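Protein chains: 2
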Amino acid sequence: MTQSSRSDRFGGLELRHDREWNYELDRITEAIDSREADTVGLQFPEGLKRTAPRVAADIEGAANRDITTVISGDPCYGSCDIDMALARRADLFVHFGHLPMSENDGILYVPLFSNVDPLPILEEALEELAPPEELPDVGLVTTAQHINMFDEMKATVEAAGYTVHTRRGAERLSQEGHVLGCNYASADLPVEHVVYLGGGKFHPVGLAMEHPDKHVLIADPVNNLVTDADADPFIKQRYGDIHRAMDAESWGIIFSTKIGQERWELAQEIVTNNEAAHLISTDEVTPDRLRNFDFDAYVNTACPRVTTDDAARFDEPLLTPGEYRIAIGEKPLDELAFDTYHGTW
Amino acid sequence: MTQSSRSDRFGGLELRHDREWNYELDRITEAIDSREADTVGLQFPEGLKRTAPRVAADIEGAANRDITTVISGDPCYGSCDIDMALARRADLFVHFGHLPMSENDGILYVPLFSNVDPLPILEEALEELAPPEELPDVGLVTTAQHINMFDEMKATVEAAGYTVHTRRGAERLSQEGHVLGCNYASADLPVEHVVYLGGGKFHPVGLAMEHPDKHVLIADPVNNLVTDADADPFIKQRYGDIHRAMDAESWGIIFSTKIGQERWELAQEIVTNNEAAHLISTDEVTPDRLRNFDFDAYVNTACPRVTTDDAARFDEPLLTPGEYRIAIGEKPLDELAFDTYHGTW
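The listed protein sequences correspond, in order, to chains U and C.
Each number in our numbering corresponds to the 1-based position in the first sequence with 1367 added.
Each number in our numbering corresponds to the 1-based position in the second sequence with 1367 added.
Since the hints were made in silico from the structure, they are not lab data.
Note that the coordinates shown come from a computational prediction; the quantities given were computed from them, not determined experimentally.
Beta carbons are placed, not taken as given, at the ideal position from N, Cα and C, and that holds for glycine.
Where hints are given, some of them may not hold.
Claimed, not checked - Okay, derived cross-link-like pairs now, SDA-like style, lysine to any residue, Cα gap no bigger than 25 Å in a straight line:
hint, chain 1, residue 1, chain 2, residue 2
1, C, Lys1568, U, Asp1655
2, C, Lys1581, C, Glu1500
3, C, Lys1568, U, Asn1659
4, U, Lys1568, C, Asp1655
Unchecked claim - According to the in silico footprint, chain C covers these stretches of chain U (three or more CB under 8 Å from chain C):
hint, stretch
5, 1470-1476
6, 1671-1682
Make the full structure from the sequences, and use the hints.
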């Protein structure tokens, strides 16, 4: 089939030339050729799934071979969350929208970079800080969507007279300055103020939970807003859930089978030391999946953001492994900390 | 840990001696011994998940070895729906509540048989039929929950003067007389009347969809009711969905990764012959999983009962493969048929 016939069918958009997202058709077709792929798996995060039929049609049209594309229908919330069933079935597997957490021969990562200029809002954010003569040191982090502009961001902070501090904090992170919802080690910096450049509250709230001693300033180029991150409502809810779980007489310890969220040893260690605890293995951690069980409380060894962000949706208290140790009296209450996720796969 | 300490913690029930469900602790502990299993995976259908902590505690208490049990948290709707991620991780995998669809060395099936006497309601049902002198031939089918009493049921029908017809219709079915939600080949019998013995409407409605020429009489020992199965509301909805899908300009063809629901060739054949169709690979087929895509209509090659029973919950029309052929004009409307699922795995 031809590119144009496909495009007509999907509303006439020439997505191949869509300036909003360059999804690197050339790199994909080259990989199809070099692997002699017949079946090509495509995985999109939730926010990009709507484009999946058009991207699949474009790839089929551009390919030099007769291929079958297969779109992953499983939920996808990050590069920790690779559809391995489809990756195993496909000759080539393309994961869109995230940076690699772990390099793998069979997986091609096609990131999605924002086309919004991050520098004006960054300049605006710096004006909120004390002048560089008083507080010269500023940390800088961003998300995968803006990481392609990280050098320019650093130059902007320096041009304003500050000393910019950055690092690649962990193997789980793709590069210097990069943060994930589960890992903010790139902000482990000798600074009081960290500027987070990116859209939304999800990442900066995690950053503030992980680094409660730091001031987290949000420069949001998507909503064109400068604000401070506030983790207090989340932390209060964590204390609430810990207290509710202190009376639990039975515990479900959740182990996730998602390839980048497996903490089997941690989960197993908990049940080994608590006779009232049982392991539950699942891919998704949702209220529906737990509703039919009869445990008093749960520990989620998978994605910490399900625990901290979705807690109110669960009927029973859902704790991180660290919070669990507080609930059973192994750690004092003031050792509450963000459940940083380490390692790759 | 001891059996009694576990039982105390889970409410003092001695489930090992629970007369409502003999879950064959001896057979499980023997399998643990013979495999020298350290990790034992346990999978329960939704209706039995509430008992999972107690069953897991009983197994740990009864085992002669120090074992770790792991309960599957994924949804489970039948013996087509084995948690293979857990089965691969565990040394022994126990699937509760269903009969084997396919024998597998690593999987132990522990069925759940009803303790309700099926014979009184069966006798009552037979009184609804014409007397044996007028219509001597009666078919008989039942579900996994009552199949242990199948010989007694057959004898009851014969004692009433009828000639009872039974068969094991397909490899997918465990034995003579057994029906599944997706396969009613055990009712492919030279009779006008089929007596279905079992609780609820799910199976007899499927049976009536598969065999629209037969009278399906329900003998429900759980609700103590005799009724006729009526598939008309479902069939009307199928026609409605087919008509809605006739205008579709883009199709999502759903392929399930559940081991007993994989119809890869069928799904691939559809996309090969329709340029407006794309494959979607997923484990669960739910409205949430499809909501972020932008297809006009979907074909579900996985569990047919999701299509026929949950249709109203989906935003776009969801068709069986046979209904799809009607919608695209390859088959006449009057060839609408139940999407019988064949084969094992």
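Evaluated hints:
no., hint, in the structure
1, C:Lys1568 / U:Asp1655, "24 Å, holds"
2, C:Lys1581 / C:Glu1500, "19 Å, holds"
3, C:Lys1568 / U:Asn1659, "22 Å, holds"
4, U:Lys1568 / C:Asp1655, "24 Å, holds"
5, 1470-1476, "violated (count 0)"
6, 1671-1682, "violated (count 0)"
Hint compliance for this structure: hints 5, 6 are not met, and every other hint is.
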